[in-house]
Amino acid sequence: MFADWMLWGIVALALSAGLVAGVFLAFSDFIMTSLSASKPAAGTEAMQIINREVHGSIFALLLIGLVPVSAVVALFGYFTLPGSASAWLIVATAVYFAGVMLVTGLGNVPMNMRLEAMPQAGAAAQAYWPDYVRGWVVWNHLRTAASFGTMACYVIAAVQLAKAM
1 MFADWMLWGI
11 VALALSAGLV
21 AGVFLAFSDF
31 IMTSLSASKP
41 AAGTEAMQII
51 NREVHGSIFA
61 LLLIGLVPVS
71 AVVALFGYFT
81 LPGSASAWLI
91 VATAVYFAGV
101 MLVTGLGNVP
111 MNMRLEAMPQ
121 AGAAAQAYWP
131 DYVRGWVVWN
141 HLRTAASFGT
151 MACYVIAAVQ
161 LAKAM
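Residue numbers for the sequence shown follow the working numbering, beginning at 1 and rising by one.
Errors might be hidden in some of the hints.
[Claimed, not checked] Simulated restraints, written as ranges between beta carbons of each label pair:
(1) 15 to 51: 17 to 27 Å
(2) 49 to 123: 17 to 27 Å
(3) 163 to 26: 15 to 25 Å
(4) 84 to 39: 51 to 61 Å
(5) 79 to 122: 51 to 61 Å
(6) 131 to 26: 51 to 61 Å
(7) 82 to 105: 14 to 24 Å
Note that these hints are calculated values from the structure, not bench results.
Note that the structure is a prediction, hence the values are computed from the model and not measured.
All C-beta atoms, glycine included, are put in the ideal place defined by N, C-alpha and C.
Could you put the whole structure together from the sequences, leaning on the hints where they help?
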């Protein structure tokens with residue numbers, strides 16, 4: 001019974017990491033391309049609005065919530081799960097923390113804060129916009145890959161646990 005609950009919990013973590021990865025992929029794939037095709041003032045304004053709106057979103061809950069939930073599940077799994085499932089949970093947690101949260105905190109967020117401080121129609125924002133888009137997308141590609149990697153680790157952990165049951 002316990003293993004069943006853990007298995008479903010790990011599947012939920014995989015789905016959550018996949019949802020985060022999907023949002024990041026959308027930004028890397030077409031959202032930032034679309035914003036960069038607009039005039040710098042329009043792109044800046046749209047990105048400033050996105051950056052403000054994201055704070056109260058379900059996405060933000062998943063993005064941030066995965067950190068403590070992943071850590072608790074990995075710790076719990078380390079002491080209770082058979083086989084290699086617990087190792088995959090630890091790897092998933094480490095990949096997510098380093099590849100998503102640290103990259104977000106050290107890369108994307110400082111760029112967002114700098115952009116937010118600029119009036120969208122001002123010369124500084126218009127000059128910064130092309131550099132912002134290029135740099136932000138590079139950081140976002142890393143977050144996308146790490147989120148998909150985290151999801152893959154959770155899927156492997158779930159498969160390993162299911163085999164051990």
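Hints versus structure:
1. 15 to 51: 17 to 27 Å: 25 Å Cβ-Cβ, so the 17 to 27 Å window holds.
2. 49 to 123: 17 to 27 Å: Check passed, 21 Å falls within 17 to 27 Å.
3. 163 to 26: 15 to 25 Å: violated, 34 Å
4. 84 to 39: 51 to 61 Å: holds, 52 Å
5. 79 to 122: 51 to 61 Å: holds, 55 Å
6. 131 to 26: 51 to 61 Å: Violated, since residue 131 and residue 26 (Cβ atoms, about 22 Å apart) do not stay within the stated range.
7. 82 to 105: 14 to 24 Å: Given a distance of about 35 Å, which is not inside 14 to 24 Å, the answer is violated.
When each numbered hint is compared with the structure, violations occur for hints 3, 6, 7.
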